[in-house]
Each structure stands twice: as C-alpha cells, then as structure tokens.
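Given chain A, put chains B and C in place with the hints provided.
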Amino acid sequence: MKYHILEKDQLECFVRSLSKKMKAVGPVAKGHNNYAFEEVTSASQLSLDYIPTILPPKKYFMPNKEKMIDFDLGGKTPSAQAALECEELAIMGVHTCDLAGIQCLNIVFNERPRDYNYLLRKEKLFIIGVECNKYCDEYASCALVNSHLPNGGYDLFFTDVGDRYVINVNTQKGEDFVESVGLDKAEGRDLAAMDKIREEKRKIFKNEVDIDPKKLPEIFDKSYNSKVWEKVAEKCLSCGNCTNVCPTCYCFDMEDFINLDLKTGSRVRTWDSCQFETFAAVAGGENFRGERSMRQRHRVYRKFKFPVDKFNRFFCTGCGRCSRTCMAGINLKEILKEVAEESKF
Amino acid sequence: MPKNEKKISNKPKVAFFDFACCEGCQLQIANMGEDLLDLLGVIDVVEFREVMSEKWDKDYDVAMIEGSITDHHAEERIKKIRSRSKVLIAYGSCATLGGVNGMKNSFELDEIRKYVYGAGYTYFDSTPTKAVDQVVKVDYYVHGCPVYLPEVVEVLKCALRGIPYSVPDKPVCSECKLNENGCLYEKGVVCLGPWTKAGCNSWCPNNGNICYGCRGLVKNPAKNAAKNIIEKYRLDPALMKNKFDMYNKAKEATNEPKK
Amino acid sequence: MEIKNSNWKSRKAKIINARQMTVSEKWFDIRLEDGELDHEPGQFVQVELFGVGEAPISICSSPTKKGSFELTVRAAGRVTREMHKLDKGDNIAVRGPFGKPFPVKTMVGNDLLFVAGGLGLAPLRSLINYVMDNRREFGKVDILLGSRSPKDMLFGNEISEWQKRLDVNFACTVDRGAPEWKGNVGLITSLIPGINLNPERTYAVVVGPPIMYKFVINELLKKNISERHIVLSLERHMKCGMGKCGHCQIDHPKNYYCCKDGPTFTYDEVKDAKKL
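Chains as they are written, first to last, in our numbering: chain A, 391 to 735; chain B, 4 to 262; chain C, 917 to 1192.
Don't take every hint at face value.
What the hints assert, rightly or not - Per label pair, the in silico range of CB-to-CB distance:
{"#": "1", "chain 1": "C", "residue 1": "Lys1187", "chain 2": "A", "residue 2": "Ile497", "range": "27 to 33 angstroms"}
{"#": "2", "chain 1": "C", "residue 1": "Asn1050", "chain 2": "B", "residue 2": "Asn204", "range": "30 to 36 angstroms"}
{"#": "3", "chain 1": "C", "residue 1": "Lys1187", "chain 2": "A", "residue 2": "Phe735", "range": "44 to 50 angstroms"}
{"#": "4", "chain 1": "A", "residue 1": "Phe735", "chain 2": "C", "residue 2": "Lys925", "range": "39 to 45 angstroms"}
Said to hold, decoys possible - Below, a list of computed lysine-lysine pairs in the DSS-like style, where the Cα atoms sit at most 25 angstroms apart:
{"#": "5", "chain 1": "A", "residue 1": "Lys466", "chain 2": "C", "residue 2": "Lys920"}
{"#": "6", "chain 1": "A", "residue 1": "Lys457", "chain 2": "C", "residue 2": "Lys1130"}
{"#": "7", "chain 1": "A", "residue 1": "Lys700", "chain 2": "C", "residue 2": "Lys1190"}
{"#": "8", "chain 1": "C", "residue 1": "Lys925", "chain 2": "A", "residue 2": "Lys512"}
{"#": "9", "chain 1": "A", "residue 1": "Lys700", "chain 2": "C", "residue 2": "Lys1191"}
{"#": "10", "chain 1": "A", "residue 1": "Lys420", "chain 2": "B", "residue 2": "Lys190"}
{"#": "11", "chain 1": "C", "residue 1": "Lys1004", "chain 2": "C", "residue 2": "Lys1067"}
{"#": "12", "chain 1": "C", "residue 1": "Lys1004", "chain 2": "A", "residue 2": "Lys466"}
{"#": "13", "chain 1": "B", "residue 1": "Lys14", "chain 2": "A", "residue 2": "Lys466"}
{"#": "14", "chain 1": "C", "residue 1": "Lys925", "chain 2": "A", "residue 2": "Lys455"}
{"#": "15", "chain 1": "C", "residue 1": "Lys920", "chain 2": "A", "residue 2": "Lys653"}
{"#": "16", "chain 1": "C", "residue 1": "Lys930", "chain 2": "A", "residue 2": "Lys612"}
{"#": "17", "chain 1": "C", "residue 1": "Lys1067", "chain 2": "B", "residue 2": "Lys140"}
{"#": "18", "chain 1": "C", "residue 1": "Lys925", "chain 2": "A", "residue 2": "Lys457"}
{"#": "19", "chain 1": "B", "residue 1": "Lys246", "chain 2": "A", "residue 2": "Lys653"}
{"#": "20", "chain 1": "B", "residue 1": "Lys222", "chain 2": "A", "residue 2": "Lys621"}
{"#": "21", "chain 1": "C", "residue 1": "Lys1130", "chain 2": "C", "residue 2": "Lys1170"}
{"#": "22", "chain 1": "B", "residue 1": "Lys14", "chain 2": "A", "residue 2": "Lys653"}
Source of the hints: derived by calculation from the structure; they are not laboratory data. Think of the CB as a built atom: it goes at the ideal place given N, C-alpha and C, for glycine as much as any other residue.
Bound conformation, chain A alone (with noise of 0.2 angstroms):
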C-alpha cells in the first residue's frame, strides 16, 4: 500500500493540476443541504464535506441518454453502427458507500454479455475516493452493509487527518498522477493519524438497523407476503426518484430518436425505474407488476435479497439517497426494522 500527503492548502494545486489533465468533477454545494457532482476547475468549488450528492456518480458511469447506435434510413437498405460516448473524466470526492455503488455496477456489467459501453467508458474514469470522518446524516446505513470503510474501487482515496489529506494510492493511474504532482510520502505519524481516524469510525459508525446483515436474507426469505409492502405503497408516488437517486440501480429503457432529416438517428440507452406505473408491463396490456406494493417490495428485493442470491452481495450500499429523496417519506431504515420484526414471528 503506498501512501503520500497533500497539506490542505495545496488541494488547490492539485485540483488545478487535475482539472488541466482533464475535465474533473466533485460534490458542489447547490443550496438547501442539496450537492451535486459537476464540473470544477478549482477546490473553492469543491465541497468535500458534504452528504451524498443528488445523483450518485452513476450518471458518469452509465449517463443517463447514453448512445448505443446510429442508424441512417436513407440508403437502399438501413444501416446501423455500435457506437460509444465516453471521455476522460476525474470524479473527485467519491464516497465510500458510492464506490461500493461503483463496485456493484461493475459486476453487473461484467456479468456474460458483458456491457462494453459501460466497461469501456468505466476504463476513462479516474475516481479519486473521500472517506467519511463521521455520519453524513440519519439516513445513512452505511455500518449495516459495511461501506463507511474504504474497500477498494479507487483509484486515489482521501483520509482527511487535519491540515492535511493521507492519500492511498490504489492503481499505476493514480500513482502517475501523484508523481506528476509531486506528492511527499506519507511518514509513520500521517498514518498513525489516519489509524486514529480509523479507531475513532469504530466508535461513530454502528450497524444503523440493529439487524445481523447475515440475517437478511433469510429474513427476506419470509418477507415476500409481508404487510410492510401495502403500508409503503399507500404513501408511493411511484415518481422513481429512489431508483433514480440509488447508486445501485441500473434498470434501463431504449428509445429511438430520429432527425429532423427524418432519416438518421440513434438509439439511445435512458434510466428507467421499477416504479413507474408502466415498467413491467406488455404491449397486449398485461402489466405483471401493477401495484405500487409489488413494485416496492420489487425494489428493495433487488437490494437485500436478488443480488445475495446471485452475486453474494448486497446492493444498498447504505447512502441513505432513497429515504433522504423521498418526499413521501418512505424510509429503507424502516422497512429494514419491520420486516425484521415481522420475521420474527
């Protein structure tokens, strides 16, 4: 493991240093305890102290109108052509809980067929993580799935120990970039600090839920015909700003555009949600997932339960963005606690 510094009055120069190399973005404070990652040119936009942003960094990974193909009608016969979007690209700030988000995506996209506009373009990103000194906020469970802790899926992290940053350098990428900004190495005392930060997290972050996280999944097991489904969808909008917003979902729909040429266009790659009214339904009019309770327990399924099955792992990664977007008030936090207890019985 090779670590360097960075006093915080060079963050300056260094974010300066990146953004020249190439476009970078972070969290940026956007008013009403609301961030986002955008684009930055200099640290004095940066937020690093922040709770998640809106979107997670997904939209980098998987942008939500993402080109798949070009068609031209207008020949003898159509053509078409796979095509790919994708540019170098810094995420500064990343999370842990977002990295493990990251980490999640990757396997899904790896999964035979393997996804390559998502593996291609996942090769452009350069994701510089932050780690979380304390709780962003109550709607975090991060201690639950074990994410509040640096686990990989980096390639620079940042601890931030003071008046200065321990940066863990994880890839030949990240270690380039370090030289060529001409970071010091970190001494025993740098890592003795971030060792402290470490012990005092132990003491901080607790498993939020007070569930056994290997007791999930048997208590999903049992949780299928729960009450809690009816009782979330009577407050459901069924907007899909929890699948929107989580850093886990990568549901998707297809769409076609043509031109005003009305020959030439593209078919383009747009985020979906399991919430929307219409999403699993056929074109004869069956809809198999009509209820908004079907569709709720679907989402959270697809968290606590599908995932384990298939990749023995889960897929919330405890940020907490589902329950703090929620304007209806839908907290994972307590679906987590009732099914739990009703399991009990």
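Just chains B and C now, with coordinates in the frame of chain A:
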C-alpha cells in the same frame, strides 16, 4: 399562379389554428429558432395566423390546434378542421386538457357570462370549456402551458412518419430528480410534480418555479400518497384542490375522448 | 466513436415472405445476411426497426428448417404495428437468438402434451415442428389448441396436417363458435380431462396468455403430472434480452429474468409468481 408555386411541393402541409387561448404556444413555435428552420425543411406551413396571412383551401396533412373549445361556433369550426385534416395534433394545455379556461366550469354558465359580458350577456354565446378531444378525435397530444419545444418537434416527427407518440405517464418528479433539483416541498412550497405527467424535462422546477400541473395528471395518480403528503407537510387540502383545478377542471367532465 | 463488440449490434435480414394470418397477426419468413439464426425451440429474437424501436418476438419455426426463420407478429405495440406495414423484400434487422429454450433433451424418450392458447402456438410451433421432424425420438404426442374464434386460428394448413398424422393426437376448440364451425366450442381446459396419458412419462408444454395458465395447470395437476414436467413459456417485456434492463424480471421471490432464465420455465420454478 406563380405566387403559389413554392407551396406546391410534396412536403406535408401543416396548418396552425387557435381557439380559446393566449396564443402563447404559437409564439413559442414562432420563436423556436434554429429548429424551426430545420422543421421548415420538411414541412410546408400553409396557415399560421400569427406569422402569415395566406390561407389554404385544400386538405391539411397535419392540423395543429391550440386553445380550448368554449362556444358553439368553435365546436363547428373544429369539426370542419378535423374533416379536412389527415392528422390532428392538440398542442398546449388549453387544447389538450381545457387548461386554465376550464376554471370557467367551476361556475354556473350564466353567472359567469353575466360577470364577463354584463347585462347583454345573452348576445354572447358560451358553452362549458372543452378540451379538443372532447369534441373531435385527437391523434397526438403535446401538453404544456406553454408547450415544451423539444416535445413539439418529437411529436411532429412522429406525426410525419405516421408512428404513435406516447406522452410519458410518470410524474414530473422523475425528470426533476434527473436534473438534480432539490425538492420544492423541502423548501416549503407546494408543487404538483408528483401527480403531473412528465415530458417537459421539469422545465419549471429547473427554473426555481413549482409545477402547476399544466400537463395533466398521470393515469393512476397516487391519491393515498396525496393525503399523506397533505398531512406530512401540513397543507391546506382546499389549496391543493385549487391548484389541481387550475389546469385540470375541464377534464373532470366525464365524456370520453372522441375516437 | 464506433465500438466493435457492442451487444447492441444487430444482424441484417430480409423478409423473404410475409402473409397476414388474422386481423391482428402477420407471419414473416426472414433470411439473415450472415447465415443461420442457430436457434433452439422456445427462443426469441429482438426485431429492430431503426427509428421506431425493438420488440421481442418468439421464433415460430423449427431449427430443423434451414435457410430462414419465421416469426408470427401480433400488432400490439409501436414496433409490432410498424412491422405489420412491412412485406416481402423489405429489410429488417434482428438481435439474438435469446433465452433459454424448451428442455428438448430431457423430453427425449417421453410422451408430450402440447397445450397452446391463441398466439401461444407461435413459440410452441417451433417445438412441435422440431418434434415432428424428429418424431422417432419421442413417445406419444398430443396437441391441444385453443383460439378465441375459428377466424383467429393460426397456421390453419399446418393444423390440418397435424390432424391427419397417425402419430399425433390432435384436438382443438374455440371460445366462440361460428356458423361454419363444426368442432369443439369451449375453453381449452375442457379438452384435458379426455386425454389419456401416463403422468410418469409425460411432459406437458403449455403456452398461452397469462389467464390460461392457472386453469390449464390445474387440470394437468389433476392428471398427476408433476410440477417439474409442466413447461411454460412466459410473456414479459424483454427489452434488452441480456438479463440487464430489468423489465422482464418476474415478480417472484427468486431472481428470474424472463429473457435469460426463461422465457421457458418449469411450473415448479415459477409457481410462486402471482401472475404467470
């Protein structure tokens, strides 16, 4: 007739008509900018009162209808336009929903006529406000007050190619969140986004405004959730109802869209 | 930028024959530019109409038929309605084949009972014709067919061929009769009690609209056919065909993507789904 020679191309003939409305949607189209020039490359605009004086005496490939139907004369006129048009597009909330003109339907018709026209009100014809599809068949809808231009262009492309356009049936919130707007409810204001059809790219919230519901309700609006939200945010139910009525009153009439 | 190994690349094809079968169903014979489709019975393709979209369609011809493959398309959505406007000589594109085929190998040596309702005959026909072309490999074959009315019946010519065969027991019924109709009138479930079968060695393959499954399966269970010997092909909106987009995931405690883990399932696998 050399003057008309330009018109006799084989491009589809598109005509714009207005009924009871503010003509704001026409203005949007007239001010479309570059897209309008591209659009004019594929269609012939044969009637458009706001920008030209010519009239067309043959059939229309596409009729664009703005405004709601509010008197007997308008009903006859829209029926005539329908009979001359291969495709009819209702655009703007007045045409697609009845829009703000629908607020008239909250009152006794004669009462409102007296209020507007005074003692001689009987000389002025008036009927309860109707959306265009409550009088004639509508092939395509472009909701909005005013219409969202990218959607107008999408719908026109569908109409020209003869394929259907589906108005998104999910709430405005879905687009609002993708635009990374903070929720207006958290800022203490009431917004109709959760029940209103998306498709406008959350145009108003993007600019700091609330959603007024100008695109009409989604097919299955979350009624229970509305009750919860009224409680959660301590809202006045009457105020909520008024907000919904602003655009959606005419659609309360039970008559199904004309097929 | 062009990308070489995209999953969204399609295969160019030409419609070499097309025929309107009923008011809402049209049949297409399609030849791929790059060779055989190489499918198995029960699989589907994504039909691509650039500028309109994609639609998953079951392949209705048997892989034993070489040179082209066939689709029966019901005009139900945006893409399928557009597809009805296409005819012999028109160009299209497809992706696929996709999906888990019928378990043909485990069926070998067993008796087969085919139950098709409406458009369900399309995917089933791929298997039926495969079995006909490899008739010796299988035991007794029963085919039960249900349609809304005589004029909705698909593949009329082939049906009369099956009817004539001595190595096939065939019966059909319509929900609503017509003056010239001399056959059975009633639901397809009414045909099952009369079938003589050995439950130990029978595979029942059932394909039809969601509403049909519950009732047909009930009758089959009454005949003591095991849940593992009842094979279904489920309808869902299979948008990507690669087990990713999420649309076709079945509402079930287990993680089933219809496009990848199906569309064929044994009843045993999916019986906990509220809607089949």
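Hints, one by one, checked against the model:
{"no.": "1", "hint": "Lys1187(C) / Ile497(A): 27 to 33 angstroms", "result": "holds (29 angstroms)"}
{"no.": "2", "hint": "Asn1050(C) / Asn204(B): 30 to 36 angstroms", "result": "violated (56 angstroms)"}
{"no.": "3", "hint": "Lys1187(C) / Phe735(A): 44 to 50 angstroms", "result": "violated (25 angstroms)"}
{"no.": "4", "hint": "Phe735(A) / Lys925(C): 39 to 45 angstroms", "result": "violated (52 angstroms)"}
{"no.": "5", "hint": "Lys466(A) / Lys920(C)", "result": "holds (24 angstroms)"}
{"no.": "6", "hint": "Lys457(A) / Lys1130(C)", "result": "violated (41 angstroms)"}
{"no.": "7", "hint": "Lys700(A) / Lys1190(C)", "result": "holds (22 angstroms)"}
{"no.": "8", "hint": "Lys925(C) / Lys512(A)", "result": "holds (20 angstroms)"}
{"no.": "9", "hint": "Lys700(A) / Lys1191(C)", "result": "holds (23 angstroms)"}
{"no.": "10", "hint": "Lys420(A) / Lys190(B)", "result": "holds (13 angstroms)"}
{"no.": "11", "hint": "Lys1004(C) / Lys1067(C)", "result": "holds (23 angstroms)"}
{"no.": "12", "hint": "Lys1004(C) / Lys466(A)", "result": "holds (15 angstroms)"}
{"no.": "13", "hint": "Lys14(B) / Lys466(A)", "result": "holds (21 angstroms)"}
{"no.": "14", "hint": "Lys925(C) / Lys455(A)", "result": "holds (18 angstroms)"}
{"no.": "15", "hint": "Lys920(C) / Lys653(A)", "result": "holds (23 angstroms)"}
{"no.": "16", "hint": "Lys930(C) / Lys612(A)", "result": "violated (51 angstroms)"}
{"no.": "17", "hint": "Lys1067(C) / Lys140(B)", "result": "violated (30 angstroms)"}
{"no.": "18", "hint": "Lys925(C) / Lys457(A)", "result": "holds (12 angstroms)"}
{"no.": "19", "hint": "Lys246(B) / Lys653(A)", "result": "violated (42 angstroms)"}
{"no.": "20", "hint": "Lys222(B) / Lys621(A)", "result": "holds (22 angstroms)"}
{"no.": "21", "hint": "Lys1130(C) / Lys1170(C)", "result": "holds (19 angstroms)"}
{"no.": "22", "hint": "Lys14(B) / Lys653(A)", "result": "holds (15 angstroms)"}
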